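J.: Protein chains in written order, with our numbering: chain A, 1294 to 1751; chain B, 1294 to 1751; chain C, 1294 to 1751; chain D, 1294 to 1751.
Because the hints were derived from the structure by calculation, they are not lab data. Quick caveat, the model's predicted, so the values are computed rather than measured. You may find that some hints are simply not true.
Intra- or inter-copy, both count: the list cannot distinguish identical chains.
What the hints assert, rightly or not - Listed below are the simulated DMTMM-like cross-link pairs for lysine to aspartate or glutamate, each with C-alpha atoms no more than 20 Å apart in a straight line: (1) K1404 - E1313; (2) K1586 - D1617; (3) K1436 - E1345.
Each chain is listed here by its residues.
4 protein chains.
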Amino acid sequence: MISVIQPTGTLALISQIEAESLSRFSQGDLYDLYRNCSLAVLNSGVKTDNSEKLLSQFEDFEINVLRNERGLKLELINPPKTAFVDEQIIYSIQNNLFSVLRDIVHLATTKNETEMLASITHENISIGEIRTNQIFNILRHAKAIKSGSDPNVVVCWGGHAVNEIEYNYAYEVGFQLGLRGMDICTGCGPGIMEAPMKGAIFGRAMQHDTNGRYIGLTEPSIIAAEPPNPMVSELVIMHDIEKRLEAFVRIGSAIVIFPGGPGTAEELLYILTIKLTKSNRHEQLPLILTGPKESEEYFTTLDTFVRNVLGNEVARYYRIIIADPIKVAQLVKESLKIVKDHRTINSDAYCFNWSLNIPNELQDHFEATHANMAALNLHHDQAPSMLAANLRRAFSGIVAGNVKEAGMREIAKHGPFKLSGDKDIIDNLDKLLRDFIKQKRILLSQKEYVPCYELTTQ
Amino acid sequence: MISVIQPTGTLALISQIEAESLSRFSQGDLYDLYRNCSLAVLNSGVKTDNSEKLLSQFEDFEINVLRNERGLKLELINPPKTAFVDEQIIYSIQNNLFSVLRDIVHLATTKNETEMLASITHENISIGEIRTNQIFNILRHAKAIKSGSDPNVVVCWGGHAVNEIEYNYAYEVGFQLGLRGMDICTGCGPGIMEAPMKGAIFGRAMQHDTNGRYIGLTEPSIIAAEPPNPMVSELVIMHDIEKRLEAFVRIGSAIVIFPGGPGTAEELLYILTIKLTKSNRHEQLPLILTGPKESEEYFTTLDTFVRNVLGNEVARYYRIIIADPIKVAQLVKESLKIVKDHRTINSDAYCFNWSLNIPNELQDHFEATHANMAALNLHHDQAPSMLAANLRRAFSGIVAGNVKEAGMREIAKHGPFKLSGDKDIIDNLDKLLRDFIKQKRILLSQKEYVPCYELTTQ
Amino acid sequence: MISVIQPTGTLALISQIEAESLSRFSQGDLYDLYRNCSLAVLNSGVKTDNSEKLLSQFEDFEINVLRNERGLKLELINPPKTAFVDEQIIYSIQNNLFSVLRDIVHLATTKNETEMLASITHENISIGEIRTNQIFNILRHAKAIKSGSDPNVVVCWGGHAVNEIEYNYAYEVGFQLGLRGMDICTGCGPGIMEAPMKGAIFGRAMQHDTNGRYIGLTEPSIIAAEPPNPMVSELVIMHDIEKRLEAFVRIGSAIVIFPGGPGTAEELLYILTIKLTKSNRHEQLPLILTGPKESEEYFTTLDTFVRNVLGNEVARYYRIIIADPIKVAQLVKESLKIVKDHRTINSDAYCFNWSLNIPNELQDHFEATHANMAALNLHHDQAPSMLAANLRRAFSGIVAGNVKEAGMREIAKHGPFKLSGDKDIIDNLDKLLRDFIKQKRILLSQKEYVPCYELTTQ
Amino acid sequence: MISVIQPTGTLALISQIEAESLSRFSQGDLYDLYRNCSLAVLNSGVKTDNSEKLLSQFEDFEINVLRNERGLKLELINPPKTAFVDEQIIYSIQNNLFSVLRDIVHLATTKNETEMLASITHENISIGEIRTNQIFNILRHAKAIKSGSDPNVVVCWGGHAVNEIEYNYAYEVGFQLGLRGMDICTGCGPGIMEAPMKGAIFGRAMQHDTNGRYIGLTEPSIIAAEPPNPMVSELVIMHDIEKRLEAFVRIGSAIVIFPGGPGTAEELLYILTIKLTKSNRHEQLPLILTGPKESEEYFTTLDTFVRNVLGNEVARYYRIIIADPIKVAQLVKESLKIVKDHRTINSDAYCFNWSLNIPNELQDHFEATHANMAALNLHHDQAPSMLAANLRRAFSGIVAGNVKEAGMREIAKHGPFKLSGDKDIIDNLDKLLRDFIKQKRILLSQKEYVPCYELTTQ
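In isolation and in its complexed conformation, chain A is listed as follows:
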């Protein structure tokens, strides 16, 4: 089956060089990256977290970028049938398909970190600033930064594989946020990444408000495992998890964390690292942890863990609300006013948080190898913010070992990652991970979860 797909959105035109760079016959592996991200988008809405299995079903899938008199079109060979209604591609999928094209082309044709650094050494600009500018450029190029409106983007973090009660709760929170005109930004996949978007769509519908934004931020290494859900109206592909996390906190005006697994723990530790960083002590980025009555235990687990490991004071950086979607929405709304005032006073953009200081330790790409994992400093001989940063890396590695292709290959080859550190830290980590397993928050596709890590005290 061959489908020809017309462009949507802004990338209606592509240059010769851009088209050729994505060709199956081009040198380099850009085509594979492009093909796989596109295939993930075509599997929108399919529930999975086994990317390998999903992709293996469509080995004969191919995608070609063709230029024509109207600009460009895509040729899909053997695409998944679920992407179509009566032979017509579903528009949200079509649109996300062109977002993939846009971002892959941008990735391939703009200056990278090194090139940017080279071109501006004479200025007094740090590597951190360059990276932040890169994130800004990608988001701006994707039109994901809107200058016209007040701080309005609520980042929702949480698991892709939650139970129905949690899904419905997140839907309700999204509904209340949507009723109040807020935009939703998630990691783009199923579960908690979908529910608040769906709720917000409906809340907006009751307000006859068609301007709702449902932003999904993803990265090539995870998109196949977590195909974008069909609510996503703006899909952006960042380079890797570090750029993705930075994009969340720069673009988001408030953060709501729902129940999840190690990925959610990584996200919480990322934002806590930032909040524990001294230079951010005046920054405003509201953080709410919320879930239904039935999930209260989850938040107790998480709360206990971060208090035990990072100190009790860390608790002042977040607020836990159980079983009260209206209160969550009202609190977000209230705190967005503070965010707005703060940014106005500091002349910081409403739509992109320039002033937040993100330590290099969060920006540097952490590759989940056995050596890197083993070398992580999980001791108390460092500032709490640095310990949080290292714990973030630990969870990042666990996520990679669980669902990212490269990480899973490492585990298959060399056995579980080894993590070591101070006894109380390791014990707490152990408790947290065991609770996650008990609560079935880790990788549901396997019959029984075989951990991809080993913990040792040192």
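Got chain A; can you put chains B, C and D on it based on the hints?
T.: Just chains B, C and D now, with coordinates in the frame of chain A:
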């Protein structure tokens, strides 16, 4: 509590005379009509079918139309709190509030049937044509007739008090219709009047299609018992049930009937009367009866009744599809192509079915009094179309006795309506109504249903 | 040649009864009215003020309203070729053609003055209010009243047959008004009715502002003599000159008078009558008389006339600005702020001046017959406002005698109208009219102007 | 005087690094370039061709890019007053100001020719293709390439200092093109660069068509001498004259040449070089030379020159139409259909002519130095296309010597450029330039024109 509401939509301006005609202090009872319809809208989404009880909760509610420098505004005194989010009125409710104003003003200031007849006696125009023109005028004035698009409006009929399985099924059908870009028109209340709209909203959202129309047609005498659901984006108030039913079949391009009670039976008999009318034998108005597996019995009941009473041939006018939303949607889509061709050939408007012949018996207003009910001819000594028309009136009376204020007063005063006719007809009617009661399809608000009718053979 | 024209704007749908009322084969003379107004629109941009001659060129022109599957279309038989570019009708003409249809249908199908009066006798509403409501209804139906914006409509009055210097001056004033975002409303024809619109189009273009409104108000009896110019984006047909004049002052936020002839004098006397009316003493309706250096004499003539006849104090109601377009525009802009404040305080609509009191003497239709003209009271034995009202009628009669079909017939049959009054009034009138003739401001189509009036002192 | 200007269009957001690169305090000379282009835009509509004189009036002008909570704003210190209406900046100027910002930032932050070449050496891509891609990127980034529409952009070339008759003629041609819905692209300055835009605005207005595009392509070295006229709705700044000329022929669907001077001759020779290039023999790019009756001589001069120098056959590449704007517009319209068909068949974009082959000789930047001018090969020992290319360079040099800052400096220092070549070529060139001087088509700001060139036969 006093709320001031700004106008939405097209009625941003009102003349002195219009404003005064709606004033609480004006002579006439237009204010009461206006107030009650507005109150019903403000109760959007509230589940009820007891209008009296609902209205009695808000006896101190008042509404004032004020003219100001920007045009007009509404002042609401003691409105229901459910219409607001954080003190802000929900937009869909606000919008419907102005639809009420628009239609009540139109009703009050345009020529009525008699005036129109007087002004054009010299022409060769029948009373039926005048009525159809009136319906056209109301709908056009409400901008509910759109000239730009192909036949696209799917009328969904069914009960306001269905069970969850039926609700979800109607949602699924709506989702499939929405995915295919179809507009939904219902009687505007809860239950089946809501579910397909909600489904279509999500179907459209997946297509990033914000043009969906969710048309609710209602009438003053029922709006309080069936408050508009919050999905309705275009609310139109017709004079009475006969004008409302005609509006459905003129504006609709296809009709889907879901499970319901006596109201749904009235609707089925209305459309069957039209289809049995000889001069309509070439007309195209697809009719599908559908429900989940669990509701199959309901359709058997209905199918048996109309076959037994009106003859087996009547079955060729509808198609029953059980438990297959995609098939329903695809069939509607296919048949809309035929509708389009038919109208093109006959130069009939895509958006308003002028050529359908509606017998006077369906257009004449039937008042549900004991005398009128008793006088109904339920015998075989007439054309099947006329028997269907009379059965339509019988069900109309039963609905009135159940949920309309005037009808309920009648019943309270004089006891149940009496219906008589040929034995087989009455027996079949009895069987149908008993099945409805058994299936709990009649008036759920009372502990036990006390029928508002008595059947006798004659 | 037969052209089929698709609808523009809002009247995309027409009912059976409406279509039939406009048919060539219908009883009544609505068809002729409709045909002639349509023909005038098709002659847009043609310079003429001899309607008879213009219309006689197109005796075989016919127009048919046809209903079809998309709504309606117009069939034009033998239309003027100037309305087309490469066989395609020019959009502004097409649009105005449908405005004619809209207004003629509205005229034919809504309640007239008598019917309205009948339907609301029980209320405390005067005939004057009913007429104002009618004007509101026509304008609202034509969407010519916009509720969203601040007072912004500048009425430009002046002659249809001015010289190039005056045309260019009015263009410059329009340009400056357009630069400042103001909308233009004129009598829709050529000359001063066109120039400020053209100027404003360019002023708006420099502001990339495509929302400019170019409103043309006309009446059936003059439209053929002054075909709408092609700048008109909103054409509205009022019943007669009195309704048209009222529409100007209700919809306008400020009035600018350029050089003109008797029609312009009628307009000036109309607005002065209103301003001299006691109950309007707090009303705000800025009035500027302006022209190029070369036309200074014209304003001296006019100024002298009204001061002499109505008293010196009348001069405080207007301001004369010579040769300074920027000053005119700035003054209009400044005074619109006062208008806005005034209406805000009085809760009067920005877009329709409800509070202006228009005496019955201005609202009553004045038919230009010899008897009516002779009976005009042009003496000082009345309030200045009433004398102004009678002078308005005198000029109205002169315009009718010059360019309106009915008036011209009267003159041809019975000779010039006779006007008599106090000596000083008649002398001043005589001087004014002679100056007009000297300045070639009366009827240019004839070699030598033969006055349609005789003045006698009495 | 300090004005703060809010952004228009798409560049509402700017990164830290971008903002800093434009700062007055940054190293490099980007600020000067940015300041001068901005100043030229602020002088929109001012008639001049002496950039030095114009710029020297505003020596204390400064511009600062400030980032704030809404994105960015510009601070103008001592800007020209003509850019403002009642203290408000004129929108078209404001908009073009942000186009300058957009293009200067793009220039500063994207890969240049060398960087692009470096990043794709492994591919089989020529320097010519890279340059064409660069032009595509600039135009796409400026949103000047629209994928949705048919070939529609008419490039109008001609002088900036024409007489009133020629200006009015170009206005009329523009009016006829506008009536037919065509977009206009010119060099953005006054004279012929303005007139067709103004005409088209008015033609579009008669069609109520607000989608007209008025594209102005300029380059930093000429923008000060030819400030953008206020009709320009899309301003794009290309690197230099070669990129600008390529942009014209890639984006244009047809070319109309009006009377002009050496710049116009350069343009004609540019397009003739392309047409004479063998590989373009099947390309479609209609070329019309047109002017009023009074300018017929100009076209005779030009026609004679190219026939004499390049051979008679060259005449088949253009068509001369005298004094017939409707015919010009109809011919353009007809030939655009052929262009459309041609591109459809060849799958070439309607909005960007990829397939046109532009020889390196036209793409290589020609710097107007005495050495380069003297070295030009103006002999017959080469293909006509190459001779045309060299003549193009000769005229480019003459334009630079006349109005570009760098060129004028050269002339001031070293005296006139020296051009030599075959006798018949030089004689014809001499005749052409003398005719230009006689017709006052060269540099009107000086009392008497002192040529910036000397011709010698060799």
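J.: Using 20 Å as the alpha carbon limit, work out where K1436 and E1345 are close: within a copy, between copies, both or neither.
T.: neither (31 Å within a copy, 40 Å between copies)
J.: When Cα atoms must be at most 20 Å apart, do K1586 and D1617 count as within-copy, between-copy, both, or neither?
T.: within (9 Å within a copy, 36 Å between copies)
J.: Are the CA atoms of K1404 and E1313 at most 20 Å apart within a copy, between copies, both, or neither?
T.: both (18 Å within a copy, 18 Å between copies)
The structure does not agree with numbered hint 3 stated previously, though it agrees with all others.
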